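Protein sequence lines, in the order shown, are assigned to chains A and B. Counting along the first sequence from 1, when you hit position 123 you're at 123 in this note's numbering, and nothing is skipped either side. Counting along the second sequence from 1, when you hit position 74 you're at 74 in this note's numbering, and nothing is skipped either side.
Hints in this document: simulated from the structure, not taken from any laboratory. Fair warning: this is a prediction, and the values are worked out from it, not measured in the lab. Any given hint might turn out to be false.
As the list claims (entries may be wrong) - Here are the simulated DMTMM-like pairs of lysine to aspartate or glutamate, each with C-alpha atoms no more than 20 Å apart in a straight line:
id : chain 1 : residue 1 : chain 2 : residue 2
1  : B       : LYS135    : A       : ASP77
2  : B       : LYS64     : A       : GLU43
3  : A       : LYS96     : B       : GLU11
4  : A       : LYS96     : B       : ASP53
5  : B       : LYS64     : A       : ASP77
6  : A       : LYS209    : A       : ASP263
7  : A       : LYS18     : A       : ASP37
8  : B       : LYS51     : A       : ASP37
9  : B       : LYS64     : A       : GLU132
10 : A       : LYS96     : B       : ASP124
11 : B       : LYS51     : A       : GLU43
12 : A       : LYS96     : A       : ASP81
13 : B       : LYS135    : B       : ASP125
14 : A       : LYS96     : B       : GLU102
15 : A       : LYS96     : B       : GLU39
16 : A       : LYS209    : A       : ASP130
17 : B       : LYS12     : A       : GLU6
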Amino acid sequence: MLPPFELLEPHSLDQALKMLATSESVPLAGGTNLLPDLRARGEAGGRFISLAALDQLHGIEHSDSRVLMGARTTLSDILHDPLMPTAAPSLVSMAKVFAGSMVRNAATVAGNICYGSPSADVVPPLLSLDAELTLASAAGERTLSLNDFLLDYKKTARRPDELLISVAWAPPTTATANLFYKLGRRRGDAITVVGVAVTITIENGNCTKARIALGSVAPTVFRAQEAEEALVGGPLTATTIGTAAQAAAQASRPIDDIRASADYRRHAVHMLVRRLLTEAWQTAGSQHD
Amino acid sequence: MTDKETQMVTEKRVDIQVNGQACEITVPAWRTLLEVLRELGHKEVKCGCEKGDCGACAVLLDGKVVDSCLTLAWNAAGRSVTTVQGLGGPDNAHPLQTAFIEHGSAQCGYCTPGMIMAAKALLDDIPEPSLKDIKRGLSGNLCRCTGYTRIFSAIQAAAETLREQETTS
Chain A
1 MLPPFELLEP
11 HSLDQALKML
21 ATSESVPLAG
31 GTNLLPDLRA
41 RGEAGGRFIS
51 LAALDQLHGI
61 EHSDSRVLMG
71 ARTTLSDILH
81 DPLMPTAAPS
91 LVSMAKVFAG
101 SMVRNAATVA
111 GNICYGSPSA
121 DVVPPLLSLD
131 AELTLASAAG
141 ERTLSLNDFL
151 LDYKKTARRP
161 DELLISVAWA
171 PPTTATANLF
181 YKLGRRRGDA
191 ITVVGVAVTI
201 TIENGNCTKA
211 RIALGSVAPT
221 VFRAQEAEEA
231 LVGGPLTATT
241 IGTAAQAAAQ
251 ASRPIDDIRA
261 SADYRRHAVH
271 MLVRRLLTEA
281 WQTAGSQHD
Chain B
1 MTDKETQMVT
11 EKRVDIQVNG
21 QACEITVPAW
31 RTLLEVLREL
41 GHKEVKCGCE
51 KGDCGACAVL
61 LDGKVVDSCL
71 TLAWNAAGRS
81 VTTVQGLGGP
91 DNAHPLQTAF
101 IEHGSAQCGY
111 CTPGMIMAAK
121 ALLDDIPEPS
131 LKDIKRGLSG
141 NLCRCTGYTR
151 IFSAIQAAAE
161 TLREQETTS
């Protein structure tokens, strides 16, 4: 049984933002995180704002230079979007191994981001794509990078009166490889042990941009920036890839828990970053052969 | 913002269609679709983990498979719910139900209703699934008896039957 709570059901975004501004409340989207949490805590008296009726938060828009995804986009929506395999290959790979079918039909992109978990699988792919978030409140809108949004363990830059309304990024070009790998105890329905997303651009045989995002190995999902810097400016070789993988492992601050030890996680970061960078070089690099 | 908007609504009348039948219930916000369905007598919908891990409570909501333990009854208002009973019974079994029996895909049977609903959603989406598609489609359903092999083979057989029915009808 869920403990008693209050559920407000706004019919428009304006109404929802007014409610967020004037009542202490938490936005409720798919409920796949919040409801089990509420059950586990058993505390009565919370107040939620249902986003179910806010149609303007649905939908994915594609243009050549930008993908704009409504905050209520579900993991299933990502899998069913015909343009997503080129607009964000890493996001599609991620959605395939995200929980199970029922949860994928309910869980939303915004919910996964705003919950602020280090194991949020939606985050590494979007972080590697330099995604930007738009937050709305009764006072207006602001846009900030996903990187700046993630502050600490389950702590984000969202103010209590704000609602994440959309996520946007520039789709990768053919010169860019965008990959994701989730290491879990089983292929489906598992919390991530290590999640890695890389976005690597190769121009004229040299790496011109590198992003490496790591999940489940620090209080938040984060970018291994030293590892990224080790790659830019030249071709990816066994040496530079090795240096970057080492730097990514060193930047990780994993913990021992029920799923894996910190040592294993650090080792897995090294191996997975090396593997994904090698694959990225083969795919993006081959565009110029 | 008016007082009316902030006023706590504790109970609400919710109309839902369950297996084609109109049902009217009055429930507080924190009641789940799972609880409501079982109170309405739909004991074929099982309660397992209540966390979205096991899939025993899976039902179709407007054709999409969801965990009814993570669906608030209020959010099912005006929508149509299908449980395994809505697919068919002993006299008019759905090909998935027949295949589960023929392939010995149930042992204790507790996961079976959810398995069949997830499989139904999968076949609606992908009529000719690969083994990989089936595994992905059922990744939110746990079975602790069968080892899954017979569940997968039943779904493959049912997919074939459904495709044959499609071409002959």
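Structure-based check of all given hints:
| no. | hint | result |
| --- | --- | --- |
| 1 | B/LYS135 <-> A/ASP77 | holds (19 Å) |
| 2 | B/LYS64 <-> A/GLU43 | violated (31 Å) |
| 3 | A/LYS96 <-> B/GLU11 | violated (38 Å) |
| 4 | A/LYS96 <-> B/ASP53 | holds (16 Å) |
| 5 | B/LYS64 <-> A/ASP77 | holds (12 Å) |
| 6 | A/LYS209 <-> A/ASP263 | violated (29 Å) |
| 7 | A/LYS18 <-> A/ASP37 | violated (26 Å) |
| 8 | B/LYS51 <-> A/ASP37 | holds (9 Å) |
| 9 | B/LYS64 <-> A/GLU132 | violated (30 Å) |
| 10 | A/LYS96 <-> B/ASP124 | holds (18 Å) |
| 11 | B/LYS51 <-> A/GLU43 | holds (16 Å) |
| 12 | A/LYS96 <-> A/ASP81 | holds (13 Å) |
| 13 | B/LYS135 <-> B/ASP125 | holds (14 Å) |
| 14 | A/LYS96 <-> B/GLU102 | violated (30 Å) |
| 15 | A/LYS96 <-> B/GLU39 | violated (34 Å) |
| 16 | A/LYS209 <-> A/ASP130 | holds (11 Å) |
| 17 | B/LYS12 <-> A/GLU6 | holds (12 Å) |
When held up to the earlier numbered hints, the structure conflicts with 2, 3, 6, 7, 9, 14 and 15 and fits the remainder.
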